[in-house]
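Residue numbers (the working numbering), protein chains in the order written: chain F, -17 to 128; chain C, -17 to 128.
Hints were generated in silico from the structure; no laboratory data involved. A hint or two may mislead.
Since copy identity is lost for identical chains, a pair holds within one copy or between any two.
For lysine to any residue, the following SDA-like pairs were computed, each having C-alpha atoms within a straight-line distance of at most 25 Å [stated by the list, open to error]: (1) K52 - I33; (2) K40 - K50; (3) K15 - T73; (4) K52 - E5; (5) K40 - F(-11); (6) K52 - Q12; (7) K52 - D16; (8) K50 - R(-8); (9) K40 - L(-9); (10) K52 - L8; (11) K40 - D(-13); (12) K15 - E4; (13) K15 - Q94; (14) K52 - G111; (15) K50 - E78; (16) K40 - G125; (17) K40 - E5; (18) K40 - D(-12); (19) K52 - L21; (20) K52 - E4; (21) K52 - A85.
This structure is a prediction, so every number in the text was calculated from the model and none was measured.
Listed below are the residues making up each chain.
There are 2 protein chains.
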Amino acid sequence: MTKTDDFDLRNFLPFLLNQAAEESSLAFQQIYKDRYGMLRTDWRVLFHLGIYGRMTAKEIGESARIHKTKISRAVQRLADRRFLTRTRDETDRRSEHLMLTPAGEAAYRDLQAVAESYDSRLAAHFTTGEAALLRMMLRRLAGMER
Amino acid sequence: MTKTDDFDLRNFLPFLLNQAAEESSLAFQQIYKDRYGMLRTDWRVLFHLGIYGRMTAKEIGESARIHKTKISRAVQRLADRRFLTRTRDETDRRSEHLMLTPAGEAAYRDLQAVAESYDSRLAAHFTTGEAALLRMMLRRLAGMER
DNA sequence: GGGTAATAGTTGATTTTGTAACCAACAAGC
DNA sequence: GCTTGTTGGTTACAAAATCAACTATTACCC
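Using the sequences provided together with the hints, build the complete structure.
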């Protein structure tokens, strides 16, 4: 395993970002998967509804940059488990408003608490200033701010 | 879309890291996909061989934290396209050494150049010091250093 | 040396994702 | 009000990822 080229893969940002994202999602993923049998898109939808209270599939998709088919399926799964309700918008009958049921709220509160402590644990790798800078840089890379 | 909970998803590191990783991989992905019909694992294997010259599937898997079935199939695809050769290790006939063919080397050099300029473009969002700090923090989150 | 466990890598079945086509409701122009 | 285009969301089919089981070979160890 002698180097024949000095390009450093371990510093290549797309690679590095993916490794960090994967590693830092692992333990959290384990929790929502084991505890609620959820997929990645499921908890993201759950969190959006938990945070914003009432949204349409489209709004969630735009906010989290998730394709509409993935949202559609996650909403189905969550509706099947009675974690959310769908109600048609009467002024535009194409779209429907999603809201968490009490069971959904409970799941959200549980996972939200996990997420908060999980995030603190990750941030504890750094000083407060570093962590803030990291989030800012990530938001910029994610195109969430300019 | 009024907030009913003050948890900030957009600052939750696993979420943020994934968004940044996805966004910052997009254009590069387009290139290896369009230009060589490669998948994510394919270019990672290609890069490992391009950088280190000769590795076994297992070594690549450990280095990039990719599951062996994914590696196995990526190696198959790359071998089918004559981008690499496999030769059995004669002292341990279970494993085989992978090496790029000239065609594989050419593809690697091409993509490596793209990767380098792509990385610079991403890093240009920040000052030199910030970028270095970012990489360091990501390596730490990825468990690549302690 | 013979039996058992471990390892490198492959294969097959199942689940999840991605892509395109689709349906129903709405909007705009005429 | 009819046609054409757009939009929110679902569905069908193909591609890819995951997980478990499998083969072949080597290591362990009594």
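Hint by hint, here is what the structure shows:
1. K52 - I33: Answer is within; shortest intra-copy Cα gap is 20 Å, inter-copy 36 Å.
2. K40 - K50: within (7 Å within a copy, 37 Å between copies)
3. K15 - T73: Neither way: K15 and T73 sit 37 Å apart in one copy and 43 Å across, limit 25 Å.
4. K52 - E5: So K52 and E5 pass the 25 Å test inside a copy (23 Å) and across (17 Å) alike.
5. K40 - F(-11): Only across copies: K40 and F(-11) sit 21 Å apart there, 41 Å inside one copy, limit 25 Å.
6. K52 - Q12: For K52 and Q12, both the intra-copy (20 Å) and inter-copy (21 Å) Cα distances are at most 25 Å.
7. K52 - D16: This pair counts as both: shortest intra-copy Cα distance 21 Å, inter-copy 24 Å.
8. K50 - R(-8): The answer is between: 20 Å across copies meets 25 Å, while 33 Å in one copy does not.
9. K40 - L(-9): Answer is between: at 17 Å across copies they meet the 25 Å cutoff, but 37 Å inside does not.
10. K52 - L8: Classified as both: same-chain Cα gap 20 Å, cross-chain 18 Å, threshold 25 Å.
11. K40 - D(-13): Answer is between: at 20 Å across copies they meet the 25 Å cutoff, but 46 Å inside does not.
12. K15 - E4: both (15 Å within a copy, 22 Å between copies)
13. K15 - Q94: For K15 and Q94, the Cα distance is within 25 Å only inside one copy (14 Å; across copies 37 Å).
14. K52 - G111: Classified as neither: same-chain Cα gap 36 Å, cross-chain 38 Å, threshold 25 Å.
15. K50 - E78: within (13 Å within a copy, 43 Å between copies)
16. K40 - G125: Cα proximity of K40 and G125: one copy only (19 Å, versus 36 Å across).
17. K40 - E5: between (29 Å within a copy, 19 Å between copies)
18. K40 - D(-12): Between copies, since 22 Å is at most 25 Å while 45 Å is not.
19. K52 - L21: both (10 Å within a copy, 20 Å between copies)
20. K52 - E4: Classified as both; 19 Å inside a copy, 16 Å across copies.
21. K52 - A85: For K52 and A85, the Cα distance is within 25 Å only inside one copy (22 Å; across copies 37 Å).
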